[in-house]
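Novice: Using the hints provided, position chain E relative to the given structure of chain F.
Protein sequences appear in the order of chains F and E. Take the working numbering: the final residue in the first sequence is number 164, and no numbers are missing along the way. Take the working numbering: the final residue in the second sequence is number 1386, and no numbers are missing along the way.
If you are wondering where the hints come from, they were derived from the structure by calculation, not from laboratory data. Heads up, a few of these hints could be off.
Here are the computed lysine-lysine pairs in the BS3-like style, where the Cα-Cα straight-line distance is at most 27 Å [stated by the list, open to error]: (1) E:LYS1363 <-> F:LYS2; (2) F:LYS17 <-> E:LYS1020; (3) E:LYS1020 <-> F:LYS87; (4) F:LYS2 <-> E:LYS1194; (5) F:LYS87 <-> E:LYS1161; (6) E:LYS1041 <-> F:LYS136; (7) E:LYS1160 <-> F:LYS2; (8) E:LYS1194 <-> F:LYS17; (9) E:LYS1076 <-> E:LYS1160; (10) F:LYS87 <-> F:LYS16; (11) F:LYS17 <-> F:LYS105; (12) E:LYS1194 <-> F:LYS105; (13) F:LYS16 <-> E:LYS1020; (14) F:LYS146 <-> F:LYS87; (15) E:LYS1362 <-> F:LYS2; (16) E:LYS1365 <-> F:LYS2; (17) E:LYS1231 <-> F:LYS2; (18) F:LYS101 <-> E:LYS1161; (19) E:LYS1161 <-> F:LYS2; (20) F:LYS87 <-> E:LYS1160; (21) F:LYS136 <-> E:LYS1024; (22) E:LYS1020 <-> F:LYS2; (23) F:LYS101 <-> E:LYS1020; (24) F:LYS83 <-> F:LYS49; (25) F:LYS15 <-> E:LYS1020; (26) F:LYS2 <-> F:LYS46; (27) F:LYS15 <-> E:LYS1024; (28) F:LYS133 <-> E:LYS1357; (29) E:LYS1024 <-> E:LYS1043; (30) E:LYS1043 <-> F:LYS2.
Here is how the chains run, residue by residue.
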Amino acid sequence: MKNFFATPLRDEDFKKKNFCYETWIGNCFYAWDCGKAIGRYLEGLKEGKILGVKCPKCERIMVPPRIFCEWCFVLVEDFVELKDTGKINTFSISYISWDMKRLEKPQIPAVIEIDGASPGYGILHLISEVDPKDVKVGMRVKAVWKEEKEREGKITDIKYFRPY
Amino acid sequence: MGRRVAIVGAGMTKFVRRAKETGKELAYYAAKAALDSCGAKLKDIDAVVLGSAPDTFDGVHMKGEYLSCGAGAFGKPYLRCYVGGGTGVFSVAVGWYYIASGIFDTCLVVCEEKMSSYQPHPQGAFLTIFDHTTERPLGPNLLWIFALEMQRYMQTYGIKKEEIALVAVKNKKNALDHPAAQIAQEITVEDVLKSEVLCYPVQRLDVSPVSDGACAIVMTNEYLARRFTDKPVWVSGVGWCLDTAYWTNRDLCYPRYVEEAARMAYKMAGIRNPRREIDVVEPYDPFDYKELHHLEGLLLCDRGEAPQLLVDGKTQRDGELPVCPSGGLLGVGNPISAAGLMKVIEIFWQLRGEAGKRQIAKKAKRGLAQAWGDLMQVGTVVILEV
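Chain E extracted, bound-state conformation:
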């Protein structure tokens, strides 16, 4: 499968509700931090991949080009990729095929999102995901799709809100140890259940926040990796898959596209039994139920069984399968594409033993990051190992 690909450096900004910095400035801080972390200079970089969500957030046409100088792309081959919320993890898959194919020896992957510009609330930027003729005249808001999916998931498997709320409790608490976190806090299941009902069954504390922020990584091949670091982390599998946009024709109780993406990545990584072979996982958690939904899609437990892992404490940092040790989107924040890359970076730090207070108890050799997006449609997966 081409050249072996390594991640050798990573950097990120703080995630905040509204940053004074522009998108270009956030991209610069993250890219520079990633380069500095492995002693690289911009001249060492052959190509740049940028991940960023819709132009609508910024009101800037061709946002990729707008951000390019901040992302370190001046005078270089440059591509912006975008698959909705799945972008952050997908951008790593793009970087992977740049390096694996041998086209480039080094690549900088930058993901930036500044959601705060859109007024009065960034949710409005998402309205155009609904079909313009058959759905938008009904007056939808973005939360509908999550609420409809969460309801279907709960009903199909008889899952209670109390069980799902434990995800929010765990992740917001994990984020207390993340120096870049936006809404880390200690809360209880009761706090979640008493929080404002937005779109039943979705309540305020079930949801990740609106955020500004950026992340970046440096990728290279097996020949150059050790020039940058003694501890390269290898990308052993990537996968992505898209389901139909006719979302009312699918059973929302199970993310089949996540399973397809995971199977592609597992096959590439030579993983036959992911439940035994994956040590730590960062599934996408823009809503608390999504973490559970995705654990099932990733085949890390049976359908409808993810809540039990949580109830049994197995997904805590000292558990059998630590899930979202970073604090996830629910705790660290959700600047769309940057949030996905934050998950890949967390696995990178965990595998290198550099996660500080967030370091998981067991010795991790292999980890997985996953993101999700569009009309409950896209699954993107990256597997890292040392």
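So here's chain F without its partners, still in its complex pose:
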């Protein structure tokens, strides 16, 4: 093959509108039903608890909860209260927002393996009250909850996890 087509346009020309283009801002507004399993999980968060589920067949304890075990493919109805502590499975230090703007204060997202769940079962959350350079894989962390009256049944009822 010899001829490779496509006409590159420069960002600068795009910004200055040196060629024609049309724009549109879509208005997408959704309200998601939380479902049975996550519904219960969110109620738990409102009460200051992290809930998992236990598969009746393989007996693994999973978090976030689901009403089925995707391995055994059976109904899972047994909710178990887990601890609000755990350890960092992996983390990142994020200096940018979704639209690639620099953040003033970096965020530290992490997968946190929750104590009481089967080994390796974690959730995504944020780490704070720590110097980013001190965060390590394997570090023990504990949930920092919002005040009870401020909790509304959302994942953000846990403000973040901090080392302890």
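Specialist: Here is chain E on its own, set in the frame of chain F:
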């Protein structure tokens, strides 16, 4: 396993940050180039497969239907397939079963992506991959999942960023010889390590760019292949596999789903020892560590050992196992689905000895292309041979 399936023609556009051409126009250029490369006319084509990533990029409902005329699908059986970043290689598996099953004698596979339309940055189109109730309220960005996976990979095996950066250096350099490449350049490990930190450990030069572009191939069966070309390239194995979307419950250090997909393809191709039997490989490299991660998942080296292959120079074009001789996504560019098909096309050209300055040193008989996508979830593999 049904009819033998051949790739007989291939074509692609340039990959660019922002193309003047619309998606339909890019699809047309790639499809037409693929047809022309093997002297085929649209009337010779029985069915068309289209690969393209989310409608969100384009803001067009049913993008497959929107692109159909540009992809040569007018009045033909037509299907759009989509498995995230794995789409480009998966679309070849779809084309394979169209032909292998005997339903169709010929098939045109077209992959198109125009990421530049989404404002202010295409990364925003990916936000909806995160769970809407348990993850999105935390304010994630797409790079999180890569950074979390890269960190886990590095920690588990004690891999250094210096070693991983060598992938970016190699691929961007390889791309200097690719006429369609978007960000080919000669860089050093130091340049990578000094580049802007986006989401530690991911830095600017660890990442492939945002791209517009399209690729296409012509597929047919063993009876018709030589009517189109003297050098058909056979699809001897295809494989795909999906892991759980509960990604925080998996160990991200190893892509098990890539291994499952590879095992399916190896079995079909009768490959028992891939390390000896695969001559050239194009693993998916949207980030530099992903090339290493995928080499391990493809069973081409032991877990945690891929960086050593790189350090020893074995994955260069003149090495024992050339990896991403095209320049990969890091060098040629990453128009999602088109990037995956670009990898299949590179193996096609390498096996035919048509890769020009990119031609690998050793005589290649069998090659593999792999792609990956969704929430670090899907593995797609195609094995080609001559």
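Novice: Give a verdict on every hint.
Specialist: Taking the hints in turn, this is what the structure says about them:
no., hint, verdict
1, E:LYS1363 <-> F:LYS2, "23 Å, holds"
2, F:LYS17 <-> E:LYS1020, "13 Å, holds"
3, E:LYS1020 <-> F:LYS87, "49 Å, violated"
4, F:LYS2 <-> E:LYS1194, "37 Å, violated"
5, F:LYS87 <-> E:LYS1161, "24 Å, holds"
6, E:LYS1041 <-> F:LYS136, "59 Å, violated"
7, E:LYS1160 <-> F:LYS2, "40 Å, violated"
8, E:LYS1194 <-> F:LYS17, "34 Å, violated"
9, E:LYS1076 <-> E:LYS1160, "51 Å, violated"
10, F:LYS87 <-> F:LYS16, "50 Å, violated"
11, F:LYS17 <-> F:LYS105, "34 Å, violated"
12, E:LYS1194 <-> F:LYS105, "20 Å, holds"
13, F:LYS16 <-> E:LYS1020, "15 Å, holds"
14, F:LYS146 <-> F:LYS87, "20 Å, holds"
15, E:LYS1362 <-> F:LYS2, "24 Å, holds"
16, E:LYS1365 <-> F:LYS2, "24 Å, holds"
17, E:LYS1231 <-> F:LYS2, "18 Å, holds"
18, F:LYS101 <-> E:LYS1161, "24 Å, holds"
19, E:LYS1161 <-> F:LYS2, "37 Å, violated"
20, F:LYS87 <-> E:LYS1160, "23 Å, holds"
21, F:LYS136 <-> E:LYS1024, "48 Å, violated"
22, E:LYS1020 <-> F:LYS2, "20 Å, holds"
23, F:LYS101 <-> E:LYS1020, "26 Å, holds"
24, F:LYS83 <-> F:LYS49, "8 Å, holds"
25, F:LYS15 <-> E:LYS1020, "14 Å, holds"
26, F:LYS2 <-> F:LYS46, "63 Å, violated"
27, F:LYS15 <-> E:LYS1024, "23 Å, holds"
28, F:LYS133 <-> E:LYS1357, "44 Å, violated"
29, E:LYS1024 <-> E:LYS1043, "19 Å, holds"
30, E:LYS1043 <-> F:LYS2, "24 Å, holds"
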